[in-house]
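Assemble the complex: chain A is given as a structure, and chain B must be docked to it using the hints.
These protein sequence lines are chains A and B, in that order.
Residue numbers for the first sequence follow my numbering, so the first one is 62 and each next one is one higher.
Residue numbers for the second sequence follow my numbering, so the first one is 62 and each next one is one higher.
It should be emphasised that the hints constitute simulated quantities derived from the structure, not laboratory data.
Pairs involving identical chains hold if they fit within one copy or between any two copies, as the list cannot separate such chains.
Here are the simulated EDC-like pairs of lysine to aspartate or glutamate, each with C-alpha atoms no more than 16 Å apart in a straight line:
#, residue 1, residue 2
1, 183, 86
2, 183, 80
3, 184, 80
Number of protein chains: 2
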Amino acid sequence: MPSTATGAEHGNALPLLNEIRHALERLLASGETTVIDLGALPLGQQDEAELLAALGAGEVEATVNAGGPSSVRETSFHGVWLVTHRNEQGEVLARFVEVAFVPELLMSQPEDVADAVAALAKKLAFGQN
Amino acid sequence: MPSTATGAEHGNALPLLNEIRHALERLLASGETTVIDLGALPLGQQDEAELLAALGAGEVEATVNAGGPSSVRETSFHGVWLVTHRNEQGEVLARFVEVAFVPELLMSQPEDVADAVAALAKKLAFGQN
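The following block holds chain A by itself, in its conformation from the complex (with noise of 0.2 Å):
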């Protein structure tokens, strides 16, 4: 008998938890990421409420400052991240789940690393004079 633990996934979340795990097989056969917004779909408090319980804490947790606070954080399933964005209030204006071995948001974009080439040449130029 399913005990009283194993509720939270019993609600409308349950659809979601199933396309997560076919992400997670679309990941790891060719390498797809998936990104599902929270504010898109018919999801109502009490069901992403379900869903995040379900998910649970995982290692990785991160926040990432570029155009407002945002969150990243990894679930207690390997490859599922949740990503929250927020406004200087703290308020949540987006929610992402991403099923991916890294979340775009916390990867250096080429070309900002060829910027920091850039700066640090230029600051090593400037401190060796």
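Only chain B this time, still in chain A's reference frame:
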């Protein structure tokens, strides 16, 4: 005349900053990542402080709780990350500069993702009973 604000990189941190610059160039050219173990270098406390000051703080700050607490933060140079492992008392055990689009520690590993698929499938099967 260099201002005092740029004085930080005049010490023994300078060769290391040059190495980081070359590592960034390799990253851009070939995707090759570089890990520099600061504990393995003849780097005094003052040198390390100068290095960290020169690198500065970037947009991403993360904690990873996998076999002891670790912190990962992007420096002000995109693609240059500082990874610090601590013990339960908060003492620094090891510190690395990682030049990569994303540090290894922030990525979900394929074998863990495979475990996650199995765990989620099991959870869903259980929830549907």
